[in-house]
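These are the residues of each chain, in order.
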Amino acid sequence: MTAALDASHFLSVPTGSVLLGAEIVVRALVDQGVEHIFGYPGGAILPVYDALFQQDALQHILVRHEQGAGHAAEGYARSTGKVGCVVVTSGPGMTNTVTALTDAMMDSIPLIVICGQVPSHLIGTDAFQEADTTGITRNCTKHNVLVKDVNKLAETIHQCFHIARSGKPGPVLIDIPKDVQFAKGVYIALDEVTKYKTYPFAVSTSDPKIAAAVDLMQGAKRPIFYTGGGIINANAAHILRELVRATGYPITQTLMGLGAFPADDPLNLGMLGMHGTYEANLAMYHCDVMICIGARFDDRITGKLAEFSPNSKKIHIDIDAASINKNVAVDVGIVADAGEAMRAILSEWQRRGAKADSAGLAKWLQKIQEWRAKDSLSYENSETIIKPQYAIGRLAHFTAAQNPIITTEVGQHQMWAAQHFPFYAPNHWLTSGGLGTMGYGLPAAIGAQVAHPHTLVIDIAGEASIQMNIQELSTAVQYKLPVKVFIINNEWMGMVRQWQQLIHGERYSQSYSEALPDFVKLAEAYGALGLRASHPDELDSVIAQMISYPGPVVADIRVAQHENCFPMIPSGAPHYAMILKEGDIAPVSPDGLMMV
Amino acid sequence: MNENQLYTLFMLSDNERGVLARVTALFSARGYQIQNITAGEINEAEHLSCIAITTEGTPATIAQIKAQVEKIVAIRSVVNLTEAQGSVQRELMIIRVWRDAAAHDNIVNTLNELDARQIAADENSTSFELTGDTRAINQYIARLNGLGPVEIARSGIVGMGPTNLRT
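Just so you know, the sequences run in chain order A and B. Residue numbering for the first sequence follows the numbering used here, beginning at 1136 and increasing consecutively. Residue numbering for the second sequence follows the numbering used here, beginning at 71 and increasing consecutively.
Bound-form chain A, shown alone (with noise of 0.2 Å):
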């Protein structure tokens, strides 16, 4: 159809043009290059709905529940690189959002949020479905506004699209009275409507930042790379593999971080923080070089402040200035996009021939080598009883040929996969890091899955955190989205039971789920296909029937139901006192005690 629009046709109308405000808003996002959008109607909105239904270019996915239009939009912008997009109804559909809208804010994922409000003459008379949507949404969106004039409907969404994607990536919603959907104006395009600002980011060799920054990493003795979200945000990582090769550095990532770097490279030391390796969070705390790229020191890595990395110079690159000196005070802060900055700094080191101290640095490649021999993501396997790690390892194994697409929920099996699942390209992790919201796995493979529908794609997820957003099953069935969840059921909420058992004396409070559905029958019910493995003999065949059958599959894997996370650093601690296994448990400190 969209070949065969006539001249006339709101798509193909010339900028200037007069169209109704909903066919202006259709139109924006198809200038804006959107090819799919989120969203669930009502009244508020349903002019919209009506522009959607009279074009082809723009694919509506119509969810379950508005959270998940947010949580598929995050998935498919961050398996993409691109805006994810959003479209609901006034009240409801907005406040369902506000998850959604949180979670992109906390991981700097580019989303707009297209929302339907009441009529302007009935904004503050409590109407149906009326919500203050800015006022509920301030806190939680990159920016938010009221389109209260349908001339100037087109230039703010696409003003909208400029600010979501540019500097610190971020949600944006627009709230769209009823009676300017239905109202005349003039379409203008996307060409010269930027007059919001984007944050300076502007760096070059030249900067004397950049050299100072060479100055420390030159004289490195024991560096490391501490990278993070932002280097996958600045579509980057092809870079931070010049410079790390160029540097010989060890490198760790953050949760978000993960596939910047390839796993199974001998410099990787694996993930950080809580629940990083013992050699990548010993490494930070030994350091004397400390090179932060995209990550910003929040306190998953840092542990106990007050010993975080005492005896070493800190360069921090991030693209949003309030990030530099937030929570850990750094020698060079230098503002800018990931990208930008590695490149310079690479340029200046191969300028400058710059070499590593290689005594140094072998020495302490040397003693990393004795942290890694700890061999600290190890565990006790069981020949007859299902263990979550070892579930995770064997999907890695049968799946490492088709590259996927791994999404997770929030938890124990959302840390057990980003221990055991190997990551070797940028964009291929998709994780509520910041937020960490149960419920984001399964509509964030949904939206991934639509971005990339040739692409194995497979939620991560936990008996309890799928519960959450179970009902976009049914979004999946509707547009034969082949996604795969793979949830590691051990009937518990498994993160906190372990906390409690390691902190509050083993009273497991509202913790254990004495009431499951049986998620076979479920996926039946809702027409996917329903897995079970009980005993480790019937893992690898049921991995195997997942990834053969050409839809939607829930797999209901039964695991060990105590089994803990290690290693840990427990709430407080700095990163020497990391815990390897459940024997090494030491009290909490009163202070820890009060830590998330």
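No wet-lab data here; the hints were simulated from the structure. Each hint should be verified, as a subset may be incorrect.
[Unchecked claim] Stretch by stretch, here's where chain B covers chain A in the computed footprint (C-beta under 8 Å, at least three residues): (1) 1457-1468; (2) 1589-1600.
[To be verified] Sample of chain B residues facing chain A (criterion: CB under 7 Å; computed from the structure): (3) GLN134; (4) GLN138; (5) ARG160; (6) LEU162.
Note that CB positions come from ideal geometry on N, CA and C, so glycine has one too.
Please arrange chain B on chain A, whose structure you already have, making use of the hints.
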């Protein structure tokens, strides 16, 4: 260096619906106090407003607040008036004196000494205005309260950075 101190941040912003709410929401979300706040449109054609907020914190906290405020899309610039050389700050106060107050004449004489300007009068009261920096205004209030009952209102700080910020 690490002691709390009062600072005034001066912002130029797009005069858009919700900007002030976004700024104050940022302060409450991140646990910062607002000691006083003033805002007003200064250029209608350019939709330009100014906002001044006085807050308490260490230099590092103030630097963090400034960086956070600068991220608000509608904020064009932020200056720390307390630290910027050559910036100016003023507050306005209004004082109403009741004619039947015992200390009426004494209060009015004092106001005249302070060069207060009479701005309104009726059969019951006379109102005056005074401007000055925050320290001066605090001194005026202390002095007047010592004389007898007066009604007082103050504006909070209006300020201006040292250079032309409209770049």
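Numbers of unmet hints, in rising order: Of the numbered hints given earlier, those the structure breaks are 2, 5 and 6, listed in rising order.
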